[in-house]
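J.: Let the sequences and hints guide you as you build the complete structure.
Chains as they are written, first to last, in the numbering used here: chain A, 1 to 339; chain B, 1 to 339; chain C, 1 to 339; chain D, 1 to 339.
Because the hints were derived from the structure by calculation, they are not lab data. Any given hint could be a false lead.
No distinction is drawn between identical chains; accordingly, a pair holds when it is met within one copy or between any pair of copies.
To be verified - Cut-off 27 Å, straight-line C-alpha distance, at most; resulting in silico cross-link-like pairs (BS3-like, lysine-lysine): (1) 198 with 237; (2) 227 with 198; (3) 227 with 291; (4) 131 with 198; (5) 237 with 291; (6) 184 with 198.
Number of protein chains: 4
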Amino acid sequence: MIRMGVIGCGYWGPNLIRNFHNNPDVELVAIADVDAGRLEQVGRLYPTVARHSDHRDIVKDTSIDAIVVSTPVSTHFPLGMEVLESGKHLFVEKPMAASADECRRLNDAADRAGLVVMVGHTFLFSPAVRKISEYIDAGTLGDVYYVSITRVNLGIFQHDVNVVWDLAPHDVAMLNHLFGATPKVVSANGRCYVQRDKGIEDVAFVTLEYPGGQIANVHVSWLDPNKIRKMTFVGSKQMLVYDDVDPTEKIRVYDKGVEIQPHYDNFGEFQLRLRSGDIFVPRVDSVEPLKIEAQHFVDVIRGEAEAVSSGHHGLEVVEVLERACMSIRQDGQPMEMSR
Amino acid sequence: MIRMGVIGCGYWGPNLIRNFHNNPDVELVAIADVDAGRLEQVGRLYPTVARHSDHRDIVKDTSIDAIVVSTPVSTHFPLGMEVLESGKHLFVEKPMAASADECRRLNDAADRAGLVVMVGHTFLFSPAVRKISEYIDAGTLGDVYYVSITRVNLGIFQHDVNVVWDLAPHDVAMLNHLFGATPKVVSANGRCYVQRDKGIEDVAFVTLEYPGGQIANVHVSWLDPNKIRKMTFVGSKQMLVYDDVDPTEKIRVYDKGVEIQPHYDNFGEFQLRLRSGDIFVPRVDSVEPLKIEAQHFVDVIRGEAEAVSSGHHGLEVVEVLERACMSIRQDGQPMEMSR
Amino acid sequence: MIRMGVIGCGYWGPNLIRNFHNNPDVELVAIADVDAGRLEQVGRLYPTVARHSDHRDIVKDTSIDAIVVSTPVSTHFPLGMEVLESGKHLFVEKPMAASADECRRLNDAADRAGLVVMVGHTFLFSPAVRKISEYIDAGTLGDVYYVSITRVNLGIFQHDVNVVWDLAPHDVAMLNHLFGATPKVVSANGRCYVQRDKGIEDVAFVTLEYPGGQIANVHVSWLDPNKIRKMTFVGSKQMLVYDDVDPTEKIRVYDKGVEIQPHYDNFGEFQLRLRSGDIFVPRVDSVEPLKIEAQHFVDVIRGEAEAVSSGHHGLEVVEVLERACMSIRQDGQPMEMSR
Amino acid sequence: MIRMGVIGCGYWGPNLIRNFHNNPDVELVAIADVDAGRLEQVGRLYPTVARHSDHRDIVKDTSIDAIVVSTPVSTHFPLGMEVLESGKHLFVEKPMAASADECRRLNDAADRAGLVVMVGHTFLFSPAVRKISEYIDAGTLGDVYYVSITRVNLGIFQHDVNVVWDLAPHDVAMLNHLFGATPKVVSANGRCYVQRDKGIEDVAFVTLEYPGGQIANVHVSWLDPNKIRKMTFVGSKQMLVYDDVDPTEKIRVYDKGVEIQPHYDNFGEFQLRLRSGDIFVPRVDSVEPLKIEAQHFVDVIRGEAEAVSSGHHGLEVVEVLERACMSIRQDGQPMEMSR
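T.: What follows is the structure, given as structure tokens:
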């Protein structure tokens with residue numbers, strides 16, 4: 001049994017609390033939040049779990065093995081350092097911290113102490129992404145030319161971070177994972193509409209160039225009325241569309257087919273020529289990714305697995321986010337990733 | 001070159017005129033309609049084609065080889081007889097005639113004169129239906145248990161025939177063709193809503209039992225706001241959904257997969273468990289079925305093919321429609337098809 | 001605080017347990033299941049809740065106010081009677097019991113003892129159904145002519161009840177609720193495919209005629225590869241489609257528009273003429289219906305609300321199911337509901 | 001009656017020929033194509049129309065009033081000049097010519113001769129775009145913040161022009177029309193995958209900044225397995241999605257609704273929170289845009305309308321395409337439009 005505590009009962013915290021609580025190898029012993037009402041509301045679902053308004057009551061509890069931090073990004077670093085310095089393993093929500101430098105210091109602290117740092121890049125644990133990974137690794141798609149991504153919704157406007165920090169970590173984490181690499185060049189354009197006075201971008205277009213030649217274009221927005229989470233992988237052999245919002249057909253694999261230039265006799269046949277190959281829609285398990293992620297943290301702590309979303313992986317994501325924001329400030333100037 | 005004439009320039013006529021006119025083996029020489037405005041409107045698209053207000057001018061033209069009849073159902077029989085008696089091949093729109101008896105007399109007349117009768121069951125020529133036929137014949141679906149069909153739209157209310165005569169011929173023609181048989185029992189329920197005073201049903205549910213054990217349930221309606229043309233074939237091995245309204249994915253073949261009784265931990269996973277197997281969406285050609293149908297009529301006249309939608313096939317469809325309407329009058333009483 | 005126990009930790013039980021446990025007015029004190037492994041698996045999520053292999057340990061606990069029964073249908077009656085006879089309020093899953101007679105005896109027992117009986121017809125508490133109810137009551141649809149319902153999926157084959165008892169209770173409960181009445185005539189056809197030897201129908205078509213003139217046709221199946229939960233309400237003014245599987249657009253309201261008989265010049269325009277009016281897609285809350293249902297049970301026990309899915313309502317649903325199955329045995333013979 | 005000729009019977013030509021032929025105010029007298037087989041194939045559908053292998057036979061025919069040019073882009077200028085110099089009105093397919101300079105010279109020639117030049121920007125005549133125009137002009141969307149556009153399909157690879165010249169003209173024409181302005185800054189990124197050796201881009205991302213503050217991001221590709229034609233207009237009040245591939249719901253207008261930051265109790269409710277306002281789907285006529293466009297050309301020639309897609313408008317589109325390609329050559333450098 002791994003004894004755990006969770007700091008932060010806000011938007012995402014309850015999902016983590018529920019999944020770690022339900023994990024058979026975990027004993028969730030304490031939760032903390034500065035908001036007393038929130039603490040009470042969440043806490044009453046778990047009557048055996050201790051509640052603290054001061055997170056230090058969890059940090060200093062020597063019976064606890066690992067702590068989950070699900071708080072605003074700016075607090076990830078100081079809280080994470082407290083956790084590691086108290087000798088506990090750390091699970092920190094994404095993005096890992098507010099700067100690459102902070103991430104590096106967290107990783108150094110963990111390395112020195114021989115502790116685990118894992119970042120909550122949930123999508124790496126989704127059955128759909130695992131299936132995409134299999135397809136890419138097996139060469140089903142051929143060479144991946146480019147990935148076109150749309151991650152938009154009518155937003156929850158964050159006040160401390162822009163839309164790139166809020167939404168793009170998912171995509172960067174997935175792409176880095178799928179391509180087994182980090183981009184060599186990052187460029188981005190962004191706009192501030194709703195929070196123009198604060199200079200917080202609510203729409204952005206980010207371009208990533210990977211060493212293997214793949215390009216990814218990521219459109220993130222808090223202003224779109226539809227929640228869209230769609231990634232289109234265009235390969236030399238086949239194409240794959242991953243639509244995370246589709247309840248039943250998350251992944252679709254398209255044959256290219258043969259396109260012979262036709263002469264249409266009429267408007268109707270023209271209208272109907274929308275695609276040219278077969279489509280395959282594989283079954284994808286409907287397990288909640290967080291459940292797999294929680295188990296993975298357990299396995300890593302026990303030394304039975306290597307962290308997929310390690311602190312090093314989390315750092316690389318933040319490095320990309322930093323470059324993207326620098327590029328936005330310079331009107332889309334491409335930014336080399338530091339070697 | 002087969003010289004042809006078309007009687008009837010109404011709702012469907014122009015599609016037939018266009019396709020026969022465009023066929024390289026056909027010379028369309030004359031069209032007729034009692035409505036002078038309609039004749040003029042359609043005729044001006046084909047300046048070389050003669051226009052007649054009296055169909056007899058076409059019938060008596062001895063240079064003409066074949067005539068297409070696209071007029072109200074009640075006129076199919078008398079017009080068809082005139083055509084056959086003048087020694088010309090006959091293409092008649094579906095349903096073939098207003099009663100099985102009329103159909104039989106048309107077939108007899110054609111047989112005596114050695115002429116072709118073909119009925120405009122267009123769907124038999126659609127690439128999608130041909131693909132379904134391949135799947136069924138190849139045993140891909142296993143034994144077909146039942147077919148559930150919805151053919152509804154916001155209607156064009158016919159004043160002379162009810163919704164069964166208007167919409168169900170498509171389904172009966174397809175099913176008879178796919179199963180290579182005609183039903184042994186027919187039952188149906190229907191309702192009159194909009195034309196209650198005239199007693200013309202605008203909604204009906206028809207059940208067909210085929211000798212091979214397959215059941216088909218056909219829902220036809222003129223009152224539905226959505227145009228739906230959907231056939232679900234449930235087989236012992238796989239299932240096939242044919243959605244004729246979908247522009248790009250007309251056919252979907254579903255694996256059954258394995259369904260293990262799960263215990264859901266939460267509402268989300270429950271919501272997501274909507275299906276359990278892979279799906280395959282084959283490419284389907286986007287040729288206009290009428291183009292294939294027109295060519296088929298040519299081939300049959302030339303003796304190069306046997307009519308898929310022959311007069312005999314057209315008769316069997318009408319026999320089913322008659323039984324369905326008898327059943328409606330008797331509150332759904334099952335009707336045996338006469339041996 | 002209402003003290004509660006739950007009997008049955010199987011397929012649906014955990015959802016009830018979670019929702020009653022999370023309700024702020026409920027103290028969930030005990031759960032029971034004959035399957036020790038299942039009891040253990042569910043129980044460990046709620047460490048403060050007592051676990052019993054014998055449900056009588058819950059029934060006899062005088063500190064408990066109400067009991068939830070989520071067990072196979074055949075046990076609803078005996079367990080429900082034990083609960084009521086012990087002086088506790090009863091929440092029983094749908095269908096209420098295995099026969100109308102059993103339902104009546106449960107209602108009588110509750111009436112005598114002044115206890116609440118509520119049946120778990122969850123859909124009555126879904127935000128979508130509440131919205132439909134508003135539309136119908138406000139006359140938005142005009143007179144409802146008919147309702148066409150498809151409730152199919154690749155099934156979990158029940159061994160004790162057929163597909164009518166398994167799936168149709170949802171529809172009957174909703175329709176009775178929406179129309180404020182119970183059908184006067186019920187007819188049904190059904191087929192046994194997979195469990196032919198046991199005579200358990202896996203596909204059925206049920207027709208309900210309501211006193212207000214509305215007809216409902218319900219297609220239920222365990223053999224369809226797609227999970228479909230779709231209800232189309234066709235009214236004299238507007239139409240409404242309720243698609244419970246659609247994650248974002250559960251309800252669509254269609255204007256009829258005006259349909260003028262067009263003459264198509266070409267295949268394309270013909271293909272595109274699929275509908276003729278505007279569509280309105282209202283926002284529907286995404287609250288879990290069970291959460292509302294759980295709160296409703298609390299409110300009813302406290303006398304603050306009248307049960308929407310009362311024992312009387314539950315009885316009326318079972319009466320319809322009984323008639324439907326009788327009709328199936330008699331090849332679709334219409335069954336009058338006993339006055 | 002306006003007497004017309006058409007030069008070019010290739011991919012798009014037959015659609016123009018059919019629509020001008022069917023127009024009651026037009027007499028189509030001649031068609032031309034250098035490919036004899038193509039000329040024969042198309043010509044036989046219109047037996048009264050003269051066929052020429054040399055377009056000059058049409059140009060020099062003084063009985064002809066107007067000529068339609070539907071040939072490869074590089075020939076638009078020389079053919080267009082011949083047409084105008086022969087004193088005939090010109091309808092030229094999009095893009096208007098291979099450079100802004102060529103467009104200007106065509107416009108000058110037309111102005112000098114008092115002739116009409118109209119460019120085949122078909123989308124300006126689609127009922128959907130007309131409806132969007134109404135919404136924007138009426139302020140229904142509020143201030144348009146940005147437009148996100150995807151125009152991709154599995155391509156017909158052009159050998160003379162890149163994907164920007166092939167697909168983006170539609171978007172630039174529509175946006176210029178809808179915003180009543182031409183962009184002040186254009187930037188673009190593009191990639192060559194399939195025709196890497198020829199340096200012809202098959203994927204591009206183009207950004208347009210309009211003087212009114214609206215931004216448009218246009219993704220064009222010949223490599224995507226799905227045909228997507230989607231424009232999302234994000235405004236301060238409402239959002240509008242135009243999906244040209246959807247057969248029945250081309251336009252959807254989204255309310256923003258109110259988004260209150262929720263605390264999810266479970267995964268399911270989280271999954272379901274995909275949008276927050278009502279949606280309105282207006283009925284859109286299903287007329288073929290080319291039919292309206294053909295009539296518009298007639299009206300302009302007769303002086304009864306001012307050309308919506310005039311030579312001036314066509315020039316402005318080409319100016320944007322030129323800047324986009326310059327920007328691609330300079331790695332996305334923003335290009336000012338010449339004042």
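J.: Against each hint, give a clear statement of whether it holds in the structure.
T.: Hints, one by one, checked against the model:
1. In this homomeric assembly, residue 198 and residue 237 come within 27 Å of each other (Cα to Cα) only across copies, at 20 Å, whereas the closest approach inside a single copy is 46 Å.
2. Proximity of residue 227 to residue 198 under the C-alpha cut-off of 27 Å is restricted to the intra-copy arrangement: shortest distance 25 Å within a copy versus 39 Å between copies.
3. Taking the closest pair of Cα atoms, residue 227 and residue 291 come within 27 Å of each other both inside a single copy (23 Å) and across two copies (25 Å).
4. Taking the closest pair of Cα atoms, residue 131 and residue 198 never come within 27 Å of each other, the shortest separation being 40 Å inside a single copy and 35 Å across copies.
5. In this assembly of identical chains, the alpha carbons of residue 237 and residue 291 never lie at most 27 Å apart, being 34 Å within a copy and 33 Å across copies at closest.
6. For a Cα distance limit of 27 Å, the shortest separation of residue 184 from residue 198 across copies, 26 Å, qualifies, whereas the shortest one inside one copy, 30 Å, does not.
The earlier numbered hints that this structure contradicts are 4, 5.
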